[in-house]
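These protein sequence lines are chains A and B, in that order. Residues in the first sequence are numbered from 917 upward in steps of one, following our numbering. Residues in the second sequence are numbered from 504 upward in steps of one, following our numbering.
Keep in mind the hints are simulated off the structure, nothing from the lab. Certain hints may be false.
[Stated by the list, open to error] For lysine-lysine, the following DSS-like pairs were computed, each having C-alpha atoms within a straight-line distance of at most 27 Å:
id : chain 1 : residue 1 : chain 2 : residue 2
1  : A       : Lys1161   : B       : Lys718
2  : B       : Lys827    : B       : Lys887
3  : B       : Lys803    : B       : Lys718
4  : B       : Lys827    : B       : Lys728
5  : A       : Lys959    : A       : Lys1054
6  : A       : Lys1143   : A       : Lys959
7  : A       : Lys959    : A       : Lys998
8  : A       : Lys1165   : B       : Lys718
9  : A       : Lys1165   : B       : Lys887
[Unchecked claim] Beta-carbon label-pair distances, calculated as ranges:
id : chain 1 : residue 1 : chain 2 : residue 2 : range
10 : B       : Pro801    : A       : Gly991    : 56 to 62 Å
11 : B       : Val754    : A       : Pro944    : 50 to 56 Å
12 : B       : Met565    : A       : Phe1017   : 34 to 40 Å
13 : B       : Asn586    : A       : Val1150   : 55 to 61 Å
14 : B       : Leu869    : A       : Ala1104   : 35 to 41 Å
15 : B       : Pro893    : A       : Gln1139   : 54 to 60 Å
16 : A       : Val1039   : B       : Phe818    : 56 to 62 Å
17 : B       : Pro859    : A       : Phe1077   : 25 to 31 Å
18 : A       : Tyr1004   : B       : Phe761    : 34 to 40 Å
19 : A       : Tyr1004   : B       : Gly705    : 32 to 38 Å
Yeah, the Cβ is synthetic: ideal placement off N, Cα and C, and Gly gets one too.
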Amino acid sequence: MRGAIIAAMAALWALAPMGAVAAEHELPSRDWSFEGVFGRYDKAALQRGFQVYREVCSNCHGMRYLAFRNLTEIGISAADVKAIAAEYEVEDGPNDEGEMFTRPARPSDLFPQPYPNAPAARVANNGALPPDLNLIVKAREGGADYVYGILTGFTDPPEDFDLGEGMNYNTVFPGNQIAMPPPLFDKAVEYADGTEASVPQMAADVTEFLAWAAEPKMDERKQLGIKVILFLIVLTILFYATKRKIWAKAH
Amino acid sequence: MSQIPQNRIVQWIEYRLPIFSFMDHHLIDYPTPRNLNYWWNFGSLAGIALVIQIVTGIVLAMQYVPNSDLAFDSVERIMRDVNFGWLLRYLHLNGSSMFFAVVYIHIFRGLYYGSYKSPRELLWWLGLVILLLMMATAFMGYVLPWGQMSYWAATVITNLFTAIPAVGESVTRWLWGGFVVGNATLNRFFSLHYLLPFVIVGAVVVHLWALHVHKSNNPLGIDLKGPRDTLPFHPYYTTKDLFGLGVFLLVLALFVFFAPDELASSDNYIPANPLVTPTHIVPEWYFLPFYAILRAIPDKLGGVVAMFGSILILFVLPWLDTSKVRSARFRPIYKQIFWLLVVDTIILGWVGANPPEGNMILIGRLATAYYFLHFLVIMPLVGKLERPRPLPESIATSVLGGGGAAAEAAANKMEKA
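Bound conformation, chain A alone (with noise of 0.2 Å):
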């Protein structure tokens, strides 16, 4: 009984959140690479993630936080990213004459948004906002799942549906109508590595660029992780026969 009620607790410490906001639609679920104690993220699948995000995402999304120096992280080399911030303009100034002046980005400029606020992205988009990306696979519940699953959710609706004007079914999405119209089609992006660009690869790699940008640190979170926990266990396996060599007498 004991036994139960404290497993029972755990449990639901465990639990709580999650039951708080239960998906109201069933998820995709994949096995991403960067799931588990072991799980890392794979670098080829961030440089093709990253990819799509430059030519398709980021025409309407921005990532707050992302600087073109953060891309030697996911194995692109300082020479090339070099050679990808020059191709953008950014604002600088004010210069020794008191002007603004637009100059080729650097490695330490963060990526340019796409709007100059969020009225003008409202207006471009038909009332909507595009929400930053940055963070987007921590702020959904269901994470990467969860955008996967809008990206390759895009279906005619189902015939008794009433679809708002200008907007568009998506099985995933909560309440189905989204504004955002489907952003992929086969042969979008033309990769690199010759990996052959469908829907499901491009929305796999470009969330999983995604889940990098949301936690850049994971990769290092996890091996120390490791380290640590494996100490921890020998700490304690030491500390226990202390404790039981101590007390042997007294008992």
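Got chain A sorted already, so can you dock chain B onto it with the hints?
For chain B alone, kept in the frame of chain A given last:
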């Protein structure tokens, strides 16, 4: 006394400030009941959890910016650009959950073994004061990242004060520092979130002071009768506490390194937006039972009173419990209702996590009613009607043999459970 080195410097200091004999008295030679089980580890663990929170918190405060326009971004900067900032933040975030888990077990241990009874009433009160301070601190800390849940938690909780008759509106505005939850609110919450942990430290010192007057309660719930009943704190309980610490750190590390956001709400990774209300506003897991009690009462003021009452009622527990026997080991009926209370609290937590719809409302109300019934009716009655089993003569006879075999059997059973 025997432990103090005969070193001249030590003696010089000792003569002027007897710090060495103080430490010897309270940490080394300190007589501790020899039969404490592992449930007694959670007091020292709570102290360590507090230290972890203060140390990580002070370093986080060096990088965090308490401004409603910058707070969210500054937390993300800590996660990305501060060396091991992610580790500090995840330790602090999950450390708070561990702190509450440890303290709740500590409190339930006190309930089971009757640690609140004479002469430990003030010790119990000080513990409850620490719990209330912890809750205030945790709530204000949760607001600091200024995500959606931060903002809406601040809005919901501060709005509770509007329930106060007549002055509610002005009190709430005074708490906000304005007409809405905003930058002024964030600033004062940061200030208080930094201050209150040190108030907790003060309360902990007095808690320990009171503890060391009559010493720890023990699983048998009987008084210490002589030196045969005790062991010196060091090395017996220092080594036992260290083993507990190892297990505690393992659990904390599992969360920090492999499930750091498991206990957090994904909505808090969306920057605060006063124009968009999240679908479900849910507090952290450690507030869920209280949240369920708040929502169980259909009246706002009534809900607030019930919520605070659920903790305040614990202050009168030493007088609501009419039994002379402390430990539930010798109280066959109380032992049953204790576990019913544990189950009731879990049900309340589960109700608090779910939207108040359908059966949840009814279950929440029944569980809330039972919570108060337990303390106000069942406990006083059980104390009067129950026939406790005979108490052992002393801790020593129970633990070391020589009579009280039944009690020893009970003790062994407890240890293995």
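So, going through the hints one by one against the coordinates:
{"no.": "1", "hint": "Lys1161(A) with Lys718(B)", "verdict": "holds, 25 Å"}
{"no.": "2", "hint": "Lys827(B) with Lys887(B)", "verdict": "holds, 9 Å"}
{"no.": "3", "hint": "Lys803(B) with Lys718(B)", "verdict": "violated, 42 Å"}
{"no.": "4", "hint": "Lys827(B) with Lys728(B)", "verdict": "holds, 18 Å"}
{"no.": "5", "hint": "Lys959(A) with Lys1054(A)", "verdict": "holds, 20 Å"}
{"no.": "6", "hint": "Lys1143(A) with Lys959(A)", "verdict": "holds, 23 Å"}
{"no.": "7", "hint": "Lys959(A) with Lys998(A)", "verdict": "holds, 19 Å"}
{"no.": "8", "hint": "Lys1165(A) with Lys718(B)", "verdict": "holds, 23 Å"}
{"no.": "9", "hint": "Lys1165(A) with Lys887(B)", "verdict": "violated, 41 Å"}
{"no.": "10", "hint": "Pro801(B) with Gly991(A): 56 to 62 Å", "verdict": "holds, 58 Å"}
{"no.": "11", "hint": "Val754(B) with Pro944(A): 50 to 56 Å", "verdict": "violated, 32 Å"}
{"no.": "12", "hint": "Met565(B) with Phe1017(A): 34 to 40 Å", "verdict": "holds, 35 Å"}
{"no.": "13", "hint": "Asn586(B) with Val1150(A): 55 to 61 Å", "verdict": "violated, 26 Å"}
{"no.": "14", "hint": "Leu869(B) with Ala1104(A): 35 to 41 Å", "verdict": "violated, 56 Å"}
{"no.": "15", "hint": "Pro893(B) with Gln1139(A): 54 to 60 Å", "verdict": "holds, 58 Å"}
{"no.": "16", "hint": "Val1039(A) with Phe818(B): 56 to 62 Å", "verdict": "holds, 59 Å"}
{"no.": "17", "hint": "Pro859(B) with Phe1077(A): 25 to 31 Å", "verdict": "holds, 29 Å"}
{"no.": "18", "hint": "Tyr1004(A) with Phe761(B): 34 to 40 Å", "verdict": "holds, 37 Å"}
{"no.": "19", "hint": "Tyr1004(A) with Gly705(B): 32 to 38 Å", "verdict": "violated, 55 Å"}
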